[in-house]
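Student: With the hints as extra help, turn the sequences into a complete structure.
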Amino acid sequence: MNHKSFLRNLILFLSFLLISFTACRKDDVCTDDGTPDLKIKFFDAGNHATEKSVDTLYVIALPGQDTLVSGETEVSGLSIPLNVNTNISEFIFATQHNNDTLIFHYTRETVFVSKACGYKMIFHQLNVDLQPDSDNWIKQIDIINHDVVSDTTHLKIYH
Amino acid sequence: MKNNHLYKFLVNLKYRLNFVTNKNIFLIVLVLFSYHFSAQQKTDTIVKDSIIKPKQPVKIRFGFDVGKYVWAKLNQSESYDFYVDTNFYKSYYLVLSYGHENHFTDNNLLNYHTTGSYYKLGLMYNLYDNWLNMDNDIDIGFNYAYAGFDYLLHSYRINQPGAIYIPEPVQVDQSFNNNVAQWFELYTQIQVETFKHVYLGYNIGVKYLIDYSDIDNFTVTYIPGFFNRNTYSRFGFGMQYFISYRINF
Chain V
2 MNHKSFLRNL ILFLSFLLIS FTACRKDDVC TDDGTPDLKI KFFDAGNHAT
52 EKSVDTLYVI ALPGQDTLVS GETEVSGLSI PLNVNTNISE FIFATQHNND
102 TLIFHYTRET VFVSKACGYK MIFHQLNVDL QPDSDNWIKQ IDIINHDVVS
152 DTTHLKIYH
Chain F
165 MKNNHLYKFL VNLKYRLNFV TNKNIFLIVL VLFSYHFSAQ QKTDTIVKDS
215 IIKPKQPVKI RFGFDVGKYV WAKLNQSESY DFYVDTNFYK SYYLVLSYGH
265 ENHFTDNNLL NYHTTGSYYK LGLMYNLYDN WLNMDNDIDI GFNYAYAGFD
315 YLLHSYRINQ PGAIYIPEPV QVDQSFNNNV AQWFELYTQI QVETFKHVYL
365 GYNIGVKYLI DYSDIDNFTV TYIPGFFNRN TYSRFGFGMQ YFISYRINF
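Residue numbers (our numbering), protein chains in the order written: chain V, 2 to 160; chain F, 165 to 413.
Rather than coming from a laboratory, the hints here were simulated on the basis of the structure. This one's a predicted model, so the numbers in the text were calculated from it and none came from an experiment. Among these hints, one or two may not hold up.
[What the hints assert, rightly or not] Here chain F is said to cover these stretches of chain V; the calculated rule only asks that three of the stretch's residues, wherever they fall, bring their Cβ under 8 Å from a Cβ of chain F:
{"#": "1", "segment": "4-15"}
{"#": "2", "segment": "33-42"}
{"#": "3", "segment": "57-69"}
{"#": "4", "segment": "105-119"}
[To be verified] Lysine to aspartate or glutamate pairs mimicking DMTMM-like chemistry, simulated, CA-CA at most 25 Å apart:
{"#": "5", "chain 1": "V", "residue 1": "Lys40", "chain 2": "V", "residue 2": "Asp56"}
{"#": "6", "chain 1": "V", "residue 1": "Lys5", "chain 2": "F", "residue 2": "Asp299"}
{"#": "7", "chain 1": "V", "residue 1": "Lys5", "chain 2": "F", "residue 2": "Glu357"}
{"#": "8", "chain 1": "V", "residue 1": "Lys40", "chain 2": "F", "residue 2": "Glu332"}
C-beta: ideal position from N, C-alpha, C; glycine also.
Tutor: Right under this line is the structure:
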């Protein structure tokens with residue numbers, strides 16, 4: 002077998018390998034971070050140092066009334082996506098018998114991540130208003146991180 | 165008007181395509197059984213050739229990437245790729261390519277136009293021992309490629325997994341100009357003389373990106389001549405269908 006025909010067979014084999022690799026090529030799927038969620042933890046209103054789960058929790062996003070959490074029991078904390086289209090997000094946090102409305106205010110910043118992940122948004126100057134009613138089940142809210150840039154806890158809710 | 169000529173040419177070609185396919189299959193079968201042929205060649209070499217082979221003519225081949233052109237046309241844009249090759253020594257070829265692309269990308273996250281040109285310079289080697297007056301190629305080749313290109317980002321959508329408020333597209337119409345990229349290509353290629361001096365060819369190749377521009381607040385996504393860049397890998401793959409015309413001097 003001469004050198005040319007050996008090469009020829011080798012090339013044919015390599016081409017075959019190449020085609021098989023091409024066929025199984027992975028798509029460019031995002032594996033980096035997207036827009037961070039707002040992370041909330043629940044604490045005891047009587048003793049601020051101890052965590053306290055909510056027995057049954059409903060979370061509804063306004064104004065679309067999309068349900069984020071539907072009657073989950075023993076909730077110690079949760080993550081909710083903020084509205085990237087406006088500087089305001091409204092949620093109803095409800096227990097079995099009591100609805101409280103929370104309004105989040107923030108400023109937005111767009112950050113480019115990568116080709117697969119595109120642009121993400123981070124949030125600054127986070128503030129929250131608890132709409133007062135006759136009987137709020139949420140007693141107090143502490144913002145421990147005004148910048149929502151990563152998945153650390155941003156908010157403590159005392160009840 | 166130019167396009168009209170090309171269209172007629174392509175239609176004409178379509179009727180001959182069956183013949184081409186047969187010829188291609190024949191070529192592939194030839195390769196598969198090359199062990200047998202090489203055995204024959206051994207006995208050939210024992211008998212010394214008394215005839216002095218005529219000096220190989222200088223051949224220059226002009227090619228056009230049909231696949232790229234048609235694909236772009238189908239997507240309402242304009243892309244083309246020309247190349248020229250010449251056998252400077254035995255079965256070794258010098259290959260020079262030039263291409264221009266206008267490519268539109270629209271996915272969930274980004275909506276943008278890429279416009280730019282590329283040059284490729286490479287070496288190619290024909291592995292195929294032709295019979296008598298046949299003149300076909302089974303080539304392997306290596307290219308260095310350089311591209312310069314601009315992006316026009318029309319709009320983007322914020323990437324928010326598990327969004328409740330669906331992110332609306334944000335209009336920006338921002339351009340990111342004067343980007344460059346360089347890469348190497350290793351490819352294998354078949355070229356068949358379908359009718360006198362006219363070749364049909366097909367190649368597949370693997371590409372390795374050496375270098376590309378850093379862009380503020382954006383990145384190199386689509387590269388003319390390279391296709392889409394993968395975020396997590398420097399490798400790319402490509403294939404081409406082309407027509408070429410060869411002049412022998």
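Student: Now tell me, hint by hint, if it's right for this structure.
Tutor: A quick look at each hint next to the structure:
1. For the segment 4-15 of chain V, the stated coverage by chain F is satisfied: 8 residues place a CB nearer than 8 Å to a CB of that chain, which reaches the threshold of 3.
2. Coverage of the segment 33-42 of chain V by chain F holds. Counting CB-CB distances below 8 Å, 3 residues qualify, and the rule asks for three or more.
3. Under a criterion of three residues with beta carbons nearer than 8 Å to beta carbons of chain F, the stated coverage of the segment 57-69 of chain V is upheld, 4 such residues being counted.
4. Coverage of the segment 105-119 of chain V by chain F holds. Counting CB-CB distances below 8 Å, 8 residues qualify, and the rule asks for three or more.
5. Distance hint between lysine 40 of chain V and aspartate 56 of chain V is fulfilled; the C-alpha atoms sit about 19 Å from each other, no more than 25 Å.
6. Between the alpha carbons of lysine 5 of chain V and aspartate 299 of chain F the distance comes to roughly 16 Å, so the proposed pair stays at or under 25 Å and holds.
7. A distance of roughly 21 Å separates the Cα atoms of lysine 5 of chain V and glutamate 357 of chain F; the hinted pair therefore holds under the 25 Å criterion.
8. At most 25 Å may separate the alpha-carbon atoms for a hinted pair to count; lysine 40 of chain V and glutamate 332 of chain F meet this at roughly 23 Å.
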